[in-house]
Every structure is written in structure tokens, then in C-alpha cells.
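Trainee: So the chains spell out like this:
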Amino acid sequence: MEVIPFLICFPFVVALLMFCIRVNKVRNAVAYVSAAIIMAASVFLCVSWIAGGAKPVELYVNTEAADRIILIAEIVLMCVVTVLCVKNRRWYISLLSIVPTIGIAWLEIAGPEMDEYKRIYVDHLSILMCLIVGIIGSLIVIYAVGYMHGYQHYHTNIRDRRYYFFCILFLFLGAMFGFVLSSDLLWIDFFWETTSVCSFLLIGYTQLEEAVTNSFRALWMNLLGGCALAAGIIYYALDAGNTDLQELVVYGQMYKPAAMVAVTLIAFAALTKAAQLPFSKWLLGAMVAPTPSSALLHSATMVKAGIYVLFRLSPAMSGKLSGNMVAFIGGFTFLAASFMAIAQSDAKKVLAMSTISNLGLMVACAGVGRPETIWAGVFLMIFHAISKSLLFQDVGATENALHSRDLEEMQGLLYRLPKLAIIMFIGICGMYLAPFGMLISKWAALKASVDERNIILVFFIVFGSATTSFYWTKWLGKLIMRSSKPVVKDITRKNEMVSLTVHTVMMIAICALFPLLSGIYVDPLVSELFGRYEQVISNGVLYLLVLLILFFFAVPIFAYLRNKSMAMNIKLSYMNGINTGKNDGFVDSFGNEKKLVVSNLYFKSVFGQRRLMMPSEIISTAVIVVMIAMVLGGAV
Amino acid sequence: MTQVKRSPWILHYDGSSCNGCDIEVLASMTPVYDAERLGVENTGDPMQADILLITGGINAQNAPVVKQLYDQMPRPKVVVAVGICACTGGVFKDCYNIMGGADKVIPVDIYVPGCAARPQSIIDGIIKARDLFQKRSEEHDALMKKQKLERKGEKS
Amino acid sequence: MTTKSVILVILYVIAAPFLGALLVGFDRKISARMQRRVGPPVLQPLYDVAKLLKKQVIGVDRAQGFLITSYMVLTVITGCLFFAGVDMLMVFFILTTSSVFLYLAAVVTGSPMSSMGAQRELVQDMAVEPAMLLAAVGFYLATGTFNVETIISQPISAIVKLPGFFVAFVFILTVKMRKSPFDTAQSTHAHQELVKGITTEMGAKNLAYFEITEWYENILMLAVVATFILNSSPISILAAVIVILLVYFLEILIDNTCARLKWKDMLILSWAVTLICAGVNLIILMVV
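Residue numbers (the numbering used here), protein chains in the order written: chain X, 1 to 636; chain Y, 1 to 156; chain B, 1 to 288.
Some hints here could point you the wrong way.
As the list claims (entries may be wrong) - Derived SDA-like pairs (lysine to any residue); straight-line CA-CA distance at most 20 Å: (1) X:Lys-256 / X:Leu-561; (2) Y:Lys-67 / X:Asp-588; (3) Y:Lys-5 / B:Val-241; (4) Y:Lys-152 / X:Leu-561.
Unchecked claim - Over the 10 Å line for every Cβ pair with chain B, so calculated as not near, a few chain X residues: (5) Tyr-117; (6) Gln-152; (7) Gly-285; (8) Leu-476; (9) Ser-527; (10) Leu-548; (11) Glu-593.
No lab work stands behind these hints: they were computed from the structure.
The structure displayed is predicted, hence computed values, not measured ones.
We put the CB at the ideal spot given by N, CA and C, even for glycine.
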């Protein structure tokens, strides 16, 4: 288990190196090696832990020195935020950092004497998170090396600060490892604030006006969550005399009032981090940053931190007001974001909306807090992490080649950029199509929310499911639609391709090995969290799924082979007989040739963000405010 | 032998017609004349049609359209010229812009005269056309079979 | 898998297209009689498909053929799963997947009419899906299982507890069966402004496959209707058949008496009916 401190500290050291090395080639080489080491270390951690019996491990009971270091680092972080805020004439945002930091510092220095408790806790959930952060995060770093090269090449107006970019990427990874492995709430708070600040810095990378505005939006929203987190910690510590997350969950399950309030506040913090309504805008604004940072924010890190905390807290929230709040907000976000995704034509925006929407489903799963929903939620998290990372990287690479990320521009991508299009196809299929991953989770989530008699969540899932398939299918169709647009040169770099290919292979492997994964890993994970476990998916359905996946691959392949040898007379497409002969134009009534443009439906006036965002924010804010007020007032 | 004549689907194209014949073509589909009892379906789509009903004469503008629609129809197919204009150009025959009947651009099989052609005669034309359609379908089958055998022979 | 379910599956694969064709034939005949005309023979749909299979194989894009075949095969597999008596919710989810293939088959051509029809088809799917999923949820609440085989062997018919779900399902059946006023994506009637909508670029064999799949799908949908009625007593089979015929007649009646609505009206109407009928029923079931 010595690998744990290494895993947390190593990325920080690399971050420092990245900042110091100003020679691109050297820095790239160091980045590759470090990414590989991080990946190997996280796999090693997993393997050695499983070899040790796959039992929960508690470590580091006495760590005075580390506690002090973390406290100092937290104060430094606060100073950095304050300086940056003042520099950009937004001093009021720094208050959101100063207040909780002072509170935490007071608790640690002058607060009551704490009982002895562990700082690090390793179990199935944290190992899973480590794997996600370690593998996907490192792959994104590898991708970023190639991507940023091209990015700086094309965006000459943006100052080349790659040293800074990579520094923050690694900081982010380190903070995530610390976050998921810590059990001490004070440590968690520090790593939490670090991820908030890192995302703020990443979003503001380009230093354009829009980026700065968006980065500060992200900062205040996440710091607001940080405030709630700190308040929850202090409230709990004063009452219970420790700051251990596991203890908190146990107390929460025992209906202790202090723990209940703390759980609610921390859950609120997690909602901000997971970009749930009304805090979704920061994640949408994060699009201005270079693609690798979006991939990182959306898949492996940041938002998953919120989900992770909610999964941890879910036993304590189950069946209580806090759980209902989280389930409602999650379900509502799932539906509202999938509506808004329909109206988006910017590929990255669609991805962002679908991230928010899928996170909503995971949050709802955590809020319901039954073993089945956590099972579904964990699978959602795994599939989502891989396919989102894959899709973001793919869209980034496509954007480099097409110089546009508009969905309409992607018409016929299968014939113009075949490799990238096929990968995109696989990523999208994994996102929503039966019988692949996400859908099974949706199935389980629906079943569990019926069991839980959560009527409103049933509606959210049922309607959200319909809208989700709408926007993904639209996108799929665009990829294979014939187009007369010219073939584009694939300028995807080798390192980008490596990352993409590994992701694709992982995606397919996880789809295929899904029942196995469920049996040997996710089931124990759930029983560890809840102490009990019922089989979510019956064996019959499981076999059926395997069979279906087989069919799903076999049918189109057979049909394709059969079709290939069949004689087919190719006709012009029907345009009332005025087709110009190439299927891409027609003759108008003046005898002139007109270009044909086939566009998808977006229903901007009905489902547009402008129209739906405001009401959704108001509804969700109202629900959160009322629920938190009730919890603070002592309702269960 | 499949009775393909039981299902003659129609594509109706209005050339430079005065709309008289078009109204009559539509009339033959309405409850009074009910061409659907013969299995006729008025598809607007050449890919799905078996019989092309053309009304009105051919001019420079619609000649390529007629040709394209005809090309888009899968074999076997039959063309029916409805009304005197589609047969020969009719009273517009000598107009500067009229090239003549539909047979100027595509092979016409059945001519239904009249100005406007009456629904009864249109249905009669369709019945003649569907018999021809049946005959052509059989020829098409025989051809396909022959080609298949030839392909097999080539392979072995 | 019992012998009974094996027989049912085999029956479905073999008999469903003929049954579906007959239903469509009666549909056309009854529609004709409603308009005081003779109408085509009852077997007309079979003649049509037999002819389509005979014609020269055409297409706008080679990929169309394999996509439409996949659509057909996957739909049939979905139907088989249903008749094998497995998880109903899963069946509905997979049905969505097979309809994705239809969408792809239509848009792969890049042609304007069929792409627009396909987009409308997606809107239709979106209108239909909640009611279908909710129907499965309703069965689960009423009988404690998603398993079709168990659902139909309960002592009391599910419809007693699920009248609202039944209404919602019958309502979206109109959309699913492409009946007016909701036949925006594809229509057999002459009032189609998008030519043939989603099937515009499908001719000959492709269209035949499409028609056959429609029959399979219709039978599957009507089988779901039957699931509402069936219980452990054999008399319920008779009742189910009667209800199916009544529902089908109702669809024909609606088809012949309504003008088409816009997609937005369709979406709002079907979601509103779903929310009100199925929703109220759901709340009653869950709370009581």
C-alpha cells in the first residue's frame, strides 16, 4: 500500500516539473513517462489490493505532519484564489474561498480535540475511481500532448503556455487521487478545493474574455459548494468529535441530527461539483477551454468527484429528505438537460449537455440510495467515463481536421474521416443504444425507482430516456448520411490515435465483459457500501443480454456481407425529377443549379437553452432551498 | 407464377397538362370509380411505382424530368400516356414550346386518348397496363434466371 | 424457456407476417367501406409485397439494403423475445434500437424527403417511448414482475389495475401504426406532403422488408395490448382477441376521421395523454 502516497504525491511533483521545463520536446517526453507511470501505479494499486484480499483497508491514523502540510497548502490555495480574484476585479468571489478556509483552519487549530481516526481508506469504490482517474486521465494527458501542439499551431492568438497547461493537468490528477483515497473530511476538503481551482485555471487557459468570464463562473459555483462542504464538516466535527467520512455515513444511517445536516450540506456541495441544475452553467462554459481539458473535466475528474461523494453518502441519504432532494435534482437535470441537448448543433455542446444529463441520472441513482441504483450508477459512471472521454477526444481531433465542430458539418464523416467517424460511432452507441452499457443501467435505475415508489423519478427517467435517444440518433444519422463534401485529410496525430484506440478497445471490452465485471467487481462494491446486496439483474436477463450483444454485432455484419454480393441497381435519389445527377443538388424554376442542404431538426424555439435554462434553474433552486431549509429545521 | 398484376402501383406525372386529365386521374381513384379495387395505389414515388401515368405534352422544361422519373423506376415498368396531349401533343402540338407526346422522350406502351380522358378509359388503360406489366415481369424473371445461371457458370 | 414459449416464438416468426398482412388487408377493406367503395381484396398487402420482392433490386445507396435488413431482423428478434416471455422493459428498450436502424437506412441516402421523414420518425419515437416504458412499469407494479410469461398467468387481468396505462398505450398505438392524425413520417394515404416520407428512397426489396417489419411490429404491439387482458383462465384469450380487434377497429376509425396534425401537436398530445392517463394511474398504484 506504499503506492498510495506515491500516487497522490507523484502527480504534484510532475506538475512542478512541467511548470519548470520550458523545452517542449523534453516536457512532452516527461509527460509521456509520467502518464505511463501514473497509469501503471494505479493498476498496480488495484492489483496489489485485490491480491491482498480485496478487503477495505484503513491507513495512516497518526499523520500530524501531513495534516499541517495540507492545512498550509489550503491556505496557500486561498491566497492564490484571492490574488487572482482581486487581479480580475472580482474580489467578492474570493470571500467564498476565504471564509471556509478560515473555518477549516480554526477547526484544525483551535477546534475541539479529535478522536483518532484514519486518513486513507481503500475499498472497491475508491479503487474504481483510482482506475478511472489513472487510466483515462493519463490517456487524456497523452492525447493532450499531440492535441496542444496542433492547437497552438492553429490558434496563434493564444499565448503558448503549454507548461502551465500540463502543470495543471497533473495537479488535477494528483488532487483527484487524493480526493478519492482520503477518508478524512479535512483532506477531502483540501483536495476538493484544489480540483475547483484547477478547473478554474484550465477553463481560463486561453485568457480570452469569454474564457475569463466562464472560468470565474466555474470558480464561484464550485467555491459555493466548497463553502457548503466546509460548513458541513465543521458542523459535524463539533458534534461528533471526528472528521471521518465513513463515520459520518454510519451516523447518518443512525439518524443523528448533526450527521444529517452535514450529509445534506456535503450532498449540496457534490451537486455543484457534478454540475447539476442550477449549477450546470459552469460545465457548459468550460467548453471554451482546449478539448483535453473538457475531456478531463467531463469524464475522468471533477464531475466524477461529485458523483463519488454522493455514492459514498448514499447509504446515509437513502429514504431521507436529503436523498429525495438529490434524487429530484438528479432526475430533473437528467430530463431538462436532455431536452436542451436536442436544440444544440455544436458537437461539444451536445456532449456537454449529455454529460450533465447523464450525471443527473447518476445523481438520481445515488439519491435513491438503494443497492440496485448504486449498482446502476456505478455502471453508468464507468461507461460514461470511457465513452465521454472517447467522444471528446474524437470531436477534438475531428475539429482539428474539419475546422468546425458543428454537427451539420459532420455530414458523411464516415466517408470523409473514416477512422474518427467509426470511433465516434462506437462511442455514441455505447452512450445510449441497447443492449450496451448505459441502457442496462437505465433499465436498473428505472426498476429501482419503481421499487422505491419514487413516482417523480420514474417520470424523469421515462421521458428523459425518450429525449436522449432523439439527439444521439440524430447525430448517428449525420455521420453516415451521404454527402458531397470533400474528403478531409486526417491530421490526427499518432499519440491522439493511441489514446483513442485504447479508449475504443476499453469501450468494446467493457460492453462485452459487462456481466463478468458486474459479478466480480461491482456487486462486491455495492455490498461493501450497504452491507447487504441483492442481485440486481437476474441471471436470465444477463444471459439474454450477452445473447443480444452477439446478435447486435452479428446481424448487421451478416446483412452487410449478404448485401455486398447482391446485385443492386443504384438510382438517383428522389427530388421530384429535378435532381442534377449527383444527389447533391437540383435545378430550380429558373433553370439554375441549387445545392442541396439537408439539416437535422433542432427545434431551437421549443427546446432551446435560452428558453428552458431559466425555468429549470428556478425550479431546481427552489427545490434545493426549500429542502435544505427543511433539513436545517430538523426534518428527516 | 406471382400475379404481379394484382398490385399495379401508379406514379402520376403532370407534364404541361391543363389539369383536366389530372383531375380525371384523381377522379378514377376516388370512391366513385375506385381504382383501388384493382390493387392500384397512387404512390408519389418512382422507386415504388410500376406504372407511370403521364398527362400533358412534353416541353423543353419537363423532358429531363420525365426521363429521370422513368429512370428511377425499377424494372419491370409500364408507361401510360393519358389524354391526347400526352399521346401526341394534342391541340398544343404546334406550339413553339411543345415537343410532342410523351413518346418523344420515353417509350410509351399504352395510349389513353380523350380531352380530357374519362376515368373509365383511364381505368381501362390501367388494366391494359397491368396485363403488360405481368407479361414484362415474367420476361424479367426469365432474364434474371438466365443471368443467374450464367453467373454460376462463370464461377464454376 | 418452456415448450409453450418455444411454440409461441415459432408461431410468431411464421404466422405474424401473414396475420399482420391480413390485418392491414382488413384495414384497407374496412376503410374503403367507410368511404362507400369496394376497396382492394383482403390479401392485397400480400400481393403488394410479393410484387415488390419480384422487382428489380434498386437503391440509392448500397448501405440501405443491409441497414433495412438489420432493422427487420432485429425487430423480429425483439418480437421473439417478447413471445418467449422475457423481460418486457428490455424488449421495449431493444425495440428502440431496431428503430435506429430504420432511421439510419433512411438518412444514409442523404436525400431530402427521406431524411425529413426520418427526422419525423424520430419525433414519433420520442412521442411513443414514454408510454411504452410506462406500460412496462405499470405491469411491474400490478404483477411484481417485468416477465411477460408471469404477467399473463395472473389470476386477474392486468387491465383491472391499469386502465390508464391501457388508454395511453392505445393512444400511442396510433402513432406507432402510422395512422392519421399522427402519420407524419410515412403514410399510405395520398395526403403525404413528403412523398413517401421515411420510405421515399426504398423501392422493391427494401420496401418489401419495410412492410414485412411493419407487420411484425404491429403484431408485437397488439400482443402488448393482449397482455393487458390475458390472465390464467383460457377464456381471457377470447377476450383478448376481441379487445385486439376492437382496438384495431378503433385505430381504423381514427385513421379515417382525422386530419393530420403537426409534429408538435403530436408530441404534446401523446405526452399529455401519457402523463394524465398513465401518470394518474401510476400515482394511484404507487401510493395505494
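Trainee: None of the hints should be skipped; say for each whether it holds.
Mentor: Going down the list of hints, with the structure as the test:
no.	hint	result
1	X:Lys-256 / X:Leu-561	64 Å, violated
2	Y:Lys-67 / X:Asp-588	17 Å, holds
3	Y:Lys-5 / B:Val-241	34 Å, violated
4	Y:Lys-152 / X:Leu-561	19 Å, holds
5	Tyr-117	41 Å, holds
6	Gln-152	36 Å, holds
7	Gly-285	28 Å, holds
8	Leu-476	7 Å, violated
9	Ser-527	24 Å, holds
10	Leu-548	7 Å, violated
11	Glu-593	15 Å, holds
In the structure shown, a violation is registered for the earlier hints numbered 1, 3, 8 and 10, in ascending order.
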